[in-house]
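Colleague: The primary structure of each chain is shown beneath.
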Amino acid sequence: MERIDLVVIGGGSAGMAAAIEAHNRGVKNVLILEKDGNLGGILNQCIHNGFGLTEFKEELTGPEYLQRFVDQVKELHIPYELNAYVSSIDRNKVVTYSSKKKGLVKVQAKAIIIATGCYERNAGAIQIPGDRCAGIITAGTAQKYLNIHGYLCGKRIVILGSGDIGLIMARRLTLEGAKVICVSEIMPYSNGLNRNIAQCLNDFNIPLYLSRSVSNVKSKDGRLCKVTLSQVDEKFQFIKGTEMEIECDTLILSVGLIPYISLLEYIDCPTSTTKGAIVDQYLQTDIEGIFTCGNCLHVHDVVDFVTNEGREAGRGAALYIQGDKLNNKSILVKPGEGVNYVVPQKIALPINDDISFKFRVKKPIKDVNIVVKNGDNLISKIVKPVLIPSEMVMINVKKEKLMDNPQDITIYLENRNNG
Amino acid sequence: MDREFVCIVCPRGCQLKVDSAMNVTGNFCPRGKAYAISELTNPTRMVTSSIRVNNRDDLLVSVKTSNAVPKEQINEVMSIINSLSVSAPCHVGQVVKKNILNLNIDIVITKEIE
Chain A
27 MERIDLVVIG
37 GGSAGMAAAI
47 EAHNRGVKNV
57 LILEKDGNLG
67 GILNQCIHNG
77 FGLTEFKEEL
87 TGPEYLQRFV
97 DQVKELHIPY
107 ELNAYVSSID
117 RNKVVTYSSK
127 KKGLVKVQAK
137 AIIIATGCYE
147 RNAGAIQIPG
157 DRCAGIITAG
167 TAQKYLNIHG
177 YLCGKRIVIL
187 GSGDIGLIMA
197 RRLTLEGAKV
207 ICVSEIMPYS
217 NGLNRNIAQC
227 LNDFNIPLYL
237 SRSVSNVKSK
247 DGRLCKVTLS
257 QVDEKFQFIK
267 GTEMEIECDT
277 LILSVGLIPY
287 ISLLEYIDCP
297 TSTTKGAIVD
307 QYLQTDIEGI
317 FTCGNCLHVH
327 DVVDFVTNEG
337 REAGRGAALY
347 IQGDKLNNKS
357 ILVKPGEGVN
367 YVVPQKIALP
377 INDDISFKFR
387 VKKPIKDVNI
397 VVKNGDNLIS
407 KIVKPVLIPS
417 EMVMINVKKE
427 KLMDNPQDIT
437 IYLENRNNG
Chain B
28 MDREFVCIVC
38 PRGCQLKVDS
48 AMNVTGNFCP
58 RGKAYAISEL
68 TNPTRMVTSS
78 IRVNNRDDLL
88 VSVKTSNAVP
98 KEQINEVMSI
108 INSLSVSAPC
118 HVGQVVKKNI
128 LNLNIDIVIT
138 KEIE
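Those protein sequence lines, which keep their order, are chains A and B. Using this note's numbering, count along the first sequence one by one with no gaps and you end on 445. Using this note's numbering, count along the second sequence one by one with no gaps and you end on 141.
Just so you know, these hints were derived from the structure itself, not from any lab. The reader is advised that the hints may include incorrect statements.
Straight-line C-alpha distance at most 27 Å; calculated DSSO-like pairs for lysine-lysine [said to hold, decoys possible]:
hint, chain 1, residue 1, chain 2, residue 2
1, A, 266, A, 170
2, B, 98, A, 170
3, A, 389, B, 98
4, B, 44, A, 181
5, A, 83, B, 44
6, A, 100, B, 44
Not the full set, but computed from the structure, chain A residues with beta-carbon under 7 Å of chain B [unchecked claim]:
hint, residue
7, 78
8, 93
9, 173
10, 175
11, 326
12, 328
Here the structure is a predicted model, which is why all the values come from computation and not from measurement. All residues carry an ideal CB built from backbone N, CA and C; glycine is no exception.
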């Protein structure tokens, strides 16, 4: 069996950044395994612009952003294999994959970085009532059909869910000549970035209905023909008498993304409420030598942060391969009041570096302090005028503040009006 | 009269406020100020799309305008883009159509196709 120091599973933004970082830190025996026919992952179909403002201080389209990393991978001669689908990994870090060239291959890795991205919740996942018919597809699928293959998925379209891909697709489908009738969101607030509401909906006078969801779908000759949208109450139950019937041929779903971690599930790797693995500050999972980053750890909204997280995993894996014992003892990081989750979920001791915590709030909230406590000791308090669930929050805490007597860390929100 | 709108320059999405004397507030960075003034005087948008690759089956290549185009001309720009095609190989930055609508703006490829 071939021995490889670092196998990176997934050649998207996270995986490429991880491989490049590990290479730059002296790990030369690396292999990136990518199931698709190109490197770059989901950015291949994200042809809109707005990527790279943090990373390159300029605004790039998805394919331009990914190309900069593909160029680096090629310049550094980092080995990668396309059309290579990893079917399993085990706790001893044997990676099994099917290769177009070599058939079924097993390699022995010293460390593995899982960067497999996320998948979309679909019609089954949200149990849409009514007929089972053609014409109901996820936003990402519609995006791939249109941007990569050139097929328009419909002519009269309703979009359910106001996540960013749904908003981006509302604009894109409109520009290609489809009529996007409305976007409907079950929550009382939008789940997309404000800029996307502005430039994708407002620019084209596409209405956004809040607290409204699909209560029925009807088909004719096997194809969707009518969608009923109803208002929902606080418990997300449909309110009778609020039905809006809309004739359309396509319902696009932009109703959430879930980390894709089946490889980790097979080996019983502990997961958290993010539906990704539990990791420490090196992005090492509870299984020694297995790291994870990007959208399969927790779903991001900005690719620049995915790239950065890839580097963190690449660094962690490099330290591990070069002999650092990363996980002796650890302390926990807990989400408190108002906080949905925090990554990393634990901190390995001793603490050698500043630590960046990433989290999301549970609901939109104004005038709060973000409070970080080490046991009962206050270590950081940051004033925020507004926080929304669709924007990941990142805070950096200096190692000096954590090194003395580290105990479990809590991050919570505190209302500023109540003192 | 004050105008309020969301900045679309970056994912931050600042809530901008512009008064009648064109004073901009609410912007985190200078780009927000420039955007606010442009939005009230000559609103522009980048247009991205994809065009057919002649010598590849079932494959498009992505393109963009080299600069933001006036908002009211987006549909005209889309018609031009939809009339274009290109032969592989093609490269990031390759110009497929120069100076569209006399705007001094080109249609540029944004993806590598070998």
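Colleague: Next step is simple, just say for each hint if it's right about the structure.
Modeller: Status of the hints after comparison with the structure:
no., hint, result
1, A:266 <-> A:170, "37 Å, violated"
2, B:98 <-> A:170, "26 Å, holds"
3, A:389 <-> B:98, "34 Å, violated"
4, B:44 <-> A:181, "37 Å, violated"
5, A:83 <-> B:44, "24 Å, holds"
6, A:100 <-> B:44, "46 Å, violated"
7, 78, "10 Å, violated"
8, 93, "5 Å, holds"
9, 173, "5 Å, holds"
10, 175, "5 Å, holds"
11, 326, "11 Å, violated"
12, 328, "5 Å, holds"
This entry does not satisfy hints 1, 3, 4, 6, 7 and 11, going by the numbered hints stated previously.
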